[in-house]
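J.: In order, the protein sequence lines correspond to chains L and A.
Heads up, the first sequence is in this note's numbering, so the first residue is 1 and it goes up one at a time.
Heads up, the second sequence is in this note's numbering, so the first residue is 1 and it goes up one at a time.
Worth flagging that the hints you see were computed from the coordinates, not collected in a lab.
Each hint should be verified, as a subset may be incorrect.
[To be verified] The calculated label-pair distances, taken between Cβ atoms and stated as ranges, are:
(1) A:H300 / L:I27: 40 to 48 Å
(2) L:I27 / A:R327: 52 to 60 Å
(3) L:K2 / A:L50: 25 to 33 Å
Using N, Cα and C, we set each Cβ at its ideal position, and we do this for glycine too.
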Amino acid sequence: MKPARASMALLAIQLALVSSIAAKYLIDRSRNPYAWPPRHSLRP
Amino acid sequence: MPDLESYLARWQSAGILDRESDAGLIARMRALETEEKKPAGLRWQSLVALILGAILLACGVVLFVSAHWDHLSPLVRFLLVLAMVSFFHIGGALSREGSRIFSTTFHAVGTIATGAAIALVGQIFNIHEHWPSAVLLWAIAAFAGFVLLHDEAQQTLTALLFPAWLASEIAYAAEGHIGGNIYFGRFLIVWAALFLTIFLGSRRRTVANICFAAAAIAAVIGISLIAQGWISQSENSTFLPLGSRIWDWGVIAAVPLFFTLFRRRESLIPVTSGIVLAIVLPWCAQVTTENFGNGVRVSHSPNAAAHALVAACAMLFSWWGVRMVSRALVNFGIVGFAMSVVWFYFSDVFDKVGRSLGLMGLGILFLAGGWLLEKTRRHLIAQMLEAEVSPQEAL
């Protein structure tokens, strides 16, 4: 793999890992909208 | 420093050089000298200015973002976090062809920033989950970096983050139970024994040195955690359930043994001695019970056997350093031995004599002990160097 391509692949993997946490939140919310934490608690 | 002309005159007078026949060589040497005298591209002053500038810029950005963090919506916060990770990796990708070291640094900071990003995204979305999983995610991110880039920085992060994840799992499982600190300390001791020896002789010097330093610190922390004894957080605390204990021992002993057997069999003795120390050390304690008011206070303090065990283990590492021809391991063992003697003096001797006598004893201990240890260290290193030279002589 070319060096620049490897760097971009690493960026993609790390962004996917970070985004997976947000995705988990969205999945949990869609399954149970009344679950803790309430949506408004995200906004201080 | 004498210039080229004075050297040429000296070589000519000694008959080594002839100005006429070696004219080509002299011209080449003059050209090289002129090249060397040119100002270098990046002197240390500009390097310091660059580093300072980068730190100040980063501090300013962090301050600006943290001042406005509360006013940002979750989506904007999330995008900011993603931008932070992207910035470093794109910087790494752009500088990959031109400057390898800049690229490696950018990617290393990018992987460290990924850890911060994982924690921040968890906080942005109020994720209240099994927190060691966040450390696992970070370790996977570093492992991906190692597989794709083969950098020493990414390898070092991978080598440190996977044990950090295992340590987090042990800390999570032991939370609130009696002796949670003991299991955590046991983990640190055995993994320190593994990391002190598994990279010996590795050509990847950065990985080996950082892992060695981390292991040396972990060993000291592990012993001090075990020395606290079987602490209970409250009256209702219980010992760890059997299932958790089995898993913990798997992580503490079985995984390092597995690594030792399949990656470096020479580490078997240090790792096994680390396991023995981890099993026995928590039980080498003096238990004292004090009655106060309507309660009872139970305190644990390490007994003479605990000090002797730690000192013996330190000497074993020194001996192993001689066998493996590792100066760092010999020094680690000697420093460990000295620390265990000072620890014994402070916990068992210093309180029992008067303050002035205690200080005098400490002075004598440092003077005589320091001299003796330095003599032993030099003897061990000389022995080690002899052992290194003799096989070459035999060839």
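J.: Taking the numbered hints from earlier one at a time, note which ones the structure violates and give those numbers from smallest to largest.
T.: Violated: none.
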